[in-house]
Amino acid sequence: MDVDMIFKIAAVGIIVAILNQLLVRSGREEQAMLTTLAGLIVVLTMIVTQISTLFSTIKTLFGL
Amino acid sequence: MNIAGICALAVVTAVVSLTLKKYNGEISLMLCIAGCIFIFLSLLSSFTTLYDTVNKILSNAGINVTYITVLLKAIGICFVTEFACDCCKDAGQTALANNVSLAGKVMVIITAIPLYNEILNTVLSLTGGAV
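For the protein sequence lines, the chains are U and L, in the order given.
Start counting the first sequence at 109; every next residue gets the next number (this note's numbering).
Start counting the second sequence at 7; every next residue gets the next number (this note's numbering).
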């Protein structure tokens, strides 16, 4: 895992927040919601692999 | 990673997460979890040296290896439980966090039960079988 991952997630969050605000202001609430959902899924896929890496590392290290 | 790097990373993550929280709470939480995972993983790599040293000292002292295995398992369970518990608390789910904490405690006790058995056997052998 790299530190870049954290900044990547922050960047995705900021971009999604801005898009969400823009779409809400222009009256497209459904698209704003879908954008938020898409951002969430992208970040979730990034995180899930890292969580699995962490847990498997702990499992092998402590012999659980 | 050294301690200064970890501290700097934690502060930066906290600030960015706080900025994001107002607009995008879910991704803010994800960012926190990612920071936690990164710090944890960088700690675990340095944990192996500690483990090797403790193992060497114990083997030199002639202490049974099963004891240290149980101890290590308990530490691992504590680490995982604490991580999950804090993530749940960050997400605002205190009930879930408390249940995870309870599960961790039960698992640690179950892991340590052979040691209790050992102590009981030692006491029984000292008293000559009489309770």
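Accuracy of the hints is not assured; some may be wrong.
Unchecked claim - When the alpha-carbon atoms are kept at most 25 Å apart in a straight line, the in silico BS3-like pairs for lysine-lysine are as follows:
#: 1; chain 1: U; residue 1: Lys167; chain 2: L; residue 2: Lys79
#: 2; chain 1: U; residue 1: Lys167; chain 2: L; residue 2: Lys27
#: 3; chain 1: L; residue 1: Lys95; chain 2: L; residue 2: Lys28
#: 4; chain 1: U; residue 1: Lys167; chain 2: L; residue 2: Lys28
#: 5; chain 1: U; residue 1: Lys116; chain 2: L; residue 2: Lys28
#: 6; chain 1: L; residue 1: Lys27; chain 2: L; residue 2: Lys95
#: 7; chain 1: U; residue 1: Lys167; chain 2: L; residue 2: Lys95
#: 8; chain 1: U; residue 1: Lys116; chain 2: L; residue 2: Lys27
#: 9; chain 1: L; residue 1: Lys111; chain 2: L; residue 2: Lys95
#: 10; chain 1: L; residue 1: Lys79; chain 2: L; residue 2: Lys62
#: 11; chain 1: U; residue 1: Lys116; chain 2: L; residue 2: Lys95
FYI, nobody ran anything at the bench for these hints, they're computed from the structure.
Computed from a predicted model, the values in this text were never measured in an experiment.
Right, here's what the structure says about each hint:
no.: 1; hint: Lys167/U <-> Lys79/L; verdict: holds, 9 Å
no.: 2; hint: Lys167/U <-> Lys27/L; verdict: violated, 32 Å
no.: 3; hint: Lys95/L <-> Lys28/L; verdict: holds, 18 Å
no.: 4; hint: Lys167/U <-> Lys28/L; verdict: violated, 36 Å
no.: 5; hint: Lys116/U <-> Lys28/L; verdict: holds, 19 Å
no.: 6; hint: Lys27/L <-> Lys95/L; verdict: holds, 15 Å
no.: 7; hint: Lys167/U <-> Lys95/L; verdict: holds, 23 Å
no.: 8; hint: Lys116/U <-> Lys27/L; verdict: holds, 16 Å
no.: 9; hint: Lys111/L <-> Lys95/L; verdict: holds, 17 Å
no.: 10; hint: Lys79/L <-> Lys62/L; verdict: holds, 18 Å
no.: 11; hint: Lys116/U <-> Lys95/L; verdict: holds, 24 Å
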